[in-house]
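In the order they appear, the protein sequences are chains A and B.
Counting from 1, one number per residue, gives the positions in the first sequence under my numbering.
Counting from 1, one number per residue, gives the positions in the second sequence under my numbering.
Mixed in with the good hints there might be a few duds.
[As the list claims (entries may be wrong)] Among chain A residues calculated to face chain B with C-beta under 10 Å, some are:
1. THR47
2. PRO62
3. ASN72
4. ALA75
5. PRO79
[As the list claims (entries may be wrong)] 27 Å max Cα-Cα, derived DSSO-like pairs, lysine-lysine:
6. B:LYS326 x B:LYS21
7. A:LYS88 x B:LYS96
8. B:LYS21 x B:LYS324
9. A:LYS88 x B:LYS324
10. B:LYS326 x A:LYS88
11. B:LYS186 x B:LYS21
These aren't lab readings, by the way, just hints derived from the structure by calculation.
Computed from a prediction, not measured in an experiment: that's the story for all the values here.
All C-beta atoms, glycine included, are put in the ideal place defined by N, C-alpha and C.
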Amino acid sequence: MIVIFIEPGGTRREIEVPEGWTLMQAATANGVEGIEAECGGSCACATCHCYVEQGLERLPPPNETEAAMLENVAAERQPNSRLSCQLKPDAGAAPLCVRLPWRQS
Amino acid sequence: MSFAFDPFAAAVDADPFPYYKILRDEYPCFWSAEAGMWVLSRYADIVVALNDWQTYSSAQGNMMTELPNRAGSTLGTTDPPRHDRLRGLIQHAFLKRNLEAMAEPMRAIAKMVLVAVREREQFDFLEDFSSKFTVRVLFAVLGLPLGDEKQVRDQAVLMVQSDPVTRQKGPAHLAAFAWMTDYAAKVIEERRRQPQDDLISLFSQAEIDGDKLAEREVLLTTTTLIMAGIESLGGFMAMLALNLADHAAARRRLVAEPTLIPDAIEESLRYNTSAQRFRRCLQRDVTLHGQTMRAGDFVCLAYGSGNRDERQFPDPDSYDIDRKPKGHLGFGGGVHGCLGGAIARMACRIAFEEFLDALPTFRRVEAQLPWMPSSTFRSPLRLQLART
């Protein structure tokens with residue numbers, strides 16, 4: 001499934017996310033700029049922060065761990081802030097689109 | 001002759017990478033009769049398994065040979081939601097931003113340990129540097145009493161090993177585990193009597209939703225933190241030192257430009273991480289690459305192989321500090337991604353900044369290294385280095 005990432009410099013990247021992978025994993029595996037993901041996806045570092053620009057309403061809401069970890073993001077937290085290690089793409093009508101913040105740590 | 005992969009074999013301890021290549025190319029979902037489990041070796045398959053804890057459960061243990069009665073009582077051996085509640089209690093202490101206060105004490109420890117090493121023409125990186133450094137750092141982080149640091153370290157290294165003949169934990173390994181559990185129990189008791197501003201004090205008094213942690217969880221999680229902080233960090237530091245001994249050009253660049261040290265750490269985590277293989281237990285039947293694995297089967301996730309998968313990392317067998325590999329499996333990943341990743345990176349960076357400053361040129365003395373007999377971790381038992 002395709003997900004659109006907008007890098008901090010504004011570059012738009014369309015990435016194929018394999019089934020069972022998270023957005024963070026597909027982004028780091030494809031060299032997308034703007035994600036550190038230091039903890040490897042265990043929802044323990046808040047350095048894979050993204051703003052969901054399209055498809056937010058289709059995503060399951062953050063669980064308790066993600067909600068708590070979102071308090072630790074380095075860039076400004078916004079209502080569409082999520083941690084990309086907790087997000088998987090869906091087969092919605094339009095692809096998910098996430099924008100990456102200017103800083104992660 | 002048909003292909004066999006025995007993760008307990010000495011040949012695999014010494015050099016697992018040719019086996020991994022055959023596994024990835026020809027047997028990506030392989031039943032190892034010797035280990036009694038499936039082996040997943042491709043990067044993409046391991047990533048999927050790490051994300052899917054409902055299918056690939058850790059609740060029956062995560063080490064290739066699990067320690068008795070440990071599964072179910074530690075972070076690495078529980079599944080969500082229990083795992084998340086346990087982790088929530090302690091992970092705050094391991095966040096990068098909460099580690100900054102440790103930087104200067106770590107540097108002071110590295111400098112102090114290096115005083116004696118500076119004088120030597122030849123030394124054992126493990127005994128003379130990394131063991132002393134990791135044990136003292138861990139004592140400082142956890143607020144442990146110093147005690148006999150060599151004894152603590154020796155037991156931590158022994159408890160992660162397994163017997164290559166029986167393919168199980170041997171009496172010495174079990175005795176080391178029992179010793180470490182007793183040691184942890186004494187520390188916990190001491191901290192309960194006189195709470196301090198440290199992790200074990202916090203943890204030993206923690207309650208989850210009003211429920212105190214089970215005594216066994218406090219005990220075994222503390223035991224595991226000690227084991228990881230000493231054995232896993234020390235083992236990885238030895239692998240990094242080995243890489244820098246074997247790749248002189250990379251070492252020279254780090255000496256000239258120490259800000260490159262984090263890049264060498266990341267590439268070493270990819271190239272030959274000490275955390276080579278962990279296991280999971282299937283909760284449902286899964287068919288992969290034409291093989292059907294059954295519910296209840298154990299599955300080995302060969303991180304060390306995924307990190308050499310040419311499908312993910314171009315030219316995977318070359319050590320390249322300019323690679324800056326993202327998404328490597330050096331710390332595992334998914335919900336069980338290494339809790340200590342940030343502190344390990346920081347401790348390694350500081351240790352090698354000081355080490356390379358004190359010893360900018362060195363070579364390894366022995367061509368053949370004595371490798372630790374452990375089906376889970378891979379690092380040398382001894383790494384003799386000489387100044388050049």
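Status of each hint after checking the structure:
Because the smallest distance between the Cβ of THR47 (chain A) and any Cβ of chain B comes to about 8 Å, under 10 Å, the interface hint for this residue holds. Given the 10 Å rule on beta carbons, the hint for PRO62 (chain A) is violated: about 13 Å separates it from the nearest Cβ of chain B. For ASN72 (chain A), the interface hint holds, the least distance from its beta-carbon to any beta-carbon of chain B being 7 Å, beneath 10 Å. Of the supplied interface hints, the one on ALA75 (chain A) is violated, with its beta-carbon coming no nearer than about 14 Å to a beta-carbon of chain B, more than 10 Å.
For the restraint placing PRO79 (chain A) at the interface with chain B, the shortest Cβ-Cβ distance is roughly 24 Å, beyond the 10 Å limit, so the hint is violated. This hinted pair checks out: LYS326 (chain B) and LYS21 (chain B) have alpha carbons roughly 21 Å apart, not beyond 27 Å. Pair hint LYS88 (chain A) plus LYS96 (chain B) holds up; C-alpha atoms about 25 Å apart against a cutoff of 27 Å. For the suggested pair LYS21 (chain B) and LYS324 (chain B), the alpha carbons sit about 22 Å apart, so the restraint of at most 27 Å is met.
With a C-alpha separation of about 25 Å, the suggested pair LYS88 (chain A) and LYS324 (chain B) falls inside the 27 Å cut-off, and the hint holds. As the CA atoms of LYS326 (chain B) and LYS88 (chain A) are separated by approximately 19 Å, the hinted pair is consistent with the 27 Å bound. Between LYS186 (chain B) and LYS21 (chain B), the direct Cα distance comes to roughly 45 Å. Violation of the 27 Å bound is thereby established for this hinted pair.
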